[in-house]
Amino acid sequence: MIIAVASGKGGTGKTTVAVSLALSLDGVQFVDCDVEEPNAAIFLRPAIDEKTPVTMPVPEVDETKCSGCRKCSELCAFNALVVVGKRVMVFPNLCHGCGGCTLVCPEKAITEKPREIGVIETGTAGGMVFMQGLLNVGDPMATPIIGQLRKRLDNSKTVILDSPPGTSCPVIETVRDCDFCVMVTEPTPFGLHDLRLAVETVRELNVPFGVVINSAGIGDDAVEEWCAQEGIRLLMKIPWDRRIAEGYSRGEPVARIIPDLHDEFIKLHETICSVVDAAAQSEDGVKKT
Amino acid sequence: MKLCISSTGRDLSAAVDPRFGRAAGYILVDSDSGAFEYLENAAAMSGGGAGSRAAQTVINKGAQAVLTGNVGPNAFAVLSAAGIKMYTGVSGTVQAAVEAFKGGQLQSVDAPTAPAHAGTGGMRGRS
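Heads up: the sequence lines are chains A and B, in that order.
With the numbering used here, the residue at position 6 of the first sequence is 15, and numbering never jumps.
With the numbering used here, the residue at position 92 of the second sequence is 703, and numbering never jumps.
Just so you know, these hints were derived from the structure itself, not from any lab.
Treat the hints with caution; some may be incorrect.
Simulated pairs of lysine-lysine, DSS-like, Cα-Cα distance not exceeding 25 Å [what the hints assert, rightly or not]:
#1 K166(A) - K122(A)
#2 K95(A) - K613(B)
#3 K166(A) - K60(A)
#4 K713(B) - K95(A)
#5 K80(A) - K672(B)
Some chain A residues near chain B, calculated using beta-carbon distances under 10 Å [what the hints assert, rightly or not]:
#6 C78
#7 L84
#8 N215
Restraint ranges, calculated between C-beta atoms of paired labels, are given here [claimed, not checked]:
#9 D229(A) - A653(B): 52 to 58 Å
#10 R185(A) - Q716(B): 16 to 22 Å
#11 S702(B) - R205(A): 37 to 43 Å
#12 A626(B) - R161(A): 50 to 56 Å
Every residue gets a Cβ at the ideal spot worked out from N, C-alpha and C, and that includes glycine.
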């Protein structure tokens, strides 16, 4: 089973929830998909035993063959190729690696070469299999690294994906085709605003989801009221507690700081399992009828 | 001489758009005859690569100089590779910018001393 932990707003506690959920279960593969700034390793302290570079294909132009026809430049939706006279300038950081330019070039002057955009690190943290993607600093292409992480998921385990924040491509790449998405928010107007956007996204992806309210008690009831109104499952509330903040600052997972929460995370997992099972059954029902 | 001025509007009374790649549009003026045409910037809303696309458009239109507020690294690389001079820090109306250019009051930005590919997105030379 693949569970993504996402949020609209950043800093609501995705990693807090993902790490503690993982630590409360056995047979977990934990994957930090927030490749622009992965931070689960701070809490899980994994031993890394393998580092694999991630590349994406970018065009290389043989200027002796190029006729300067501009077809590559006209095709490229990301403006990664510009033709100046008979010379093609390539902007690798704009390239999305689709390969269209190599196909459209009538002179067969364009080939693809790999460009390194980051690395995937694999290891273990206690009994847990750990994996994280690290995008090179300054590089804008997060999604291909997440795509590579997703190819390495082990479906025989409980897979927990720590998602990037927001609602853009890296989040879609993380959450799509997951069995469940835990959406972490905070009970503030900012938390609610961004939760609504994130819910819209996850609904579009057709992934079953529920909400965890972190720092419960700091704001208002608007998130809970909205969830009730929308018929969204409220899965869990993590209280605002000074001990959590202090432990967090030392890199300690909340489930270790407040032992009661350990059981709550086990219950969270049970709830997720029952929702996923029910979804699978109703899907079977649909198929039969 | 054919000038390209990044513009917020469609005629010479419009204000110069301070951005090159993300400008609303461009006014192409023949500085000798005063004839001009307006070109909407199709790349203004693109997710990325607005500068390189806008520079390609300017090259295709045969402009010899660009008058604008600022030029980003990608556009700078393309325009300098095409031998197009860039005059930045330009503000006020498009008309006033053209007059300032003709009066020799504008300073062109130094063409990069590095080869053109040095501007490939400031990506630590990984091309």
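Against the structure, the hints come out as follows:
1. K166(A) - K122(A): 35 Å, violated
2. K95(A) - K613(B): With Cα atoms ~22 Å apart, K95(A) and K613(B) stay inside 25 Å; holds.
3. K166(A) - K60(A): 21 Å, holds
4. K713(B) - K95(A): Not OK: K713(B) and K95(A) at ~31 Å, beyond 25 Å, violated.
5. K80(A) - K672(B): 17 Å, holds
6. C78: Where the cut-off is 10 Å and the nearest Cβ of chain B is about 13 Å from C78(A), the hint is violated.
7. L84: 12 Å, violated
8. N215: With Cβ-Cβ at 25 Å, over 10 Å, it is violated.
9. D229(A) - A653(B): 52 to 58 Å: 45 Å, violated
10. R185(A) - Q716(B): 16 to 22 Å: 56 Å, violated
11. S702(B) - R205(A): 37 to 43 Å: 40 Å, holds
12. A626(B) - R161(A): 50 to 56 Å: About 53 Å separates the Cβ atoms of A626(B) and R161(A), which means 50 to 56 Å holds.
Hints 1, 4, 6, 7, 8, 9 and 10 from the earlier list are contradicted by this structure; the remaining hints agree with it.
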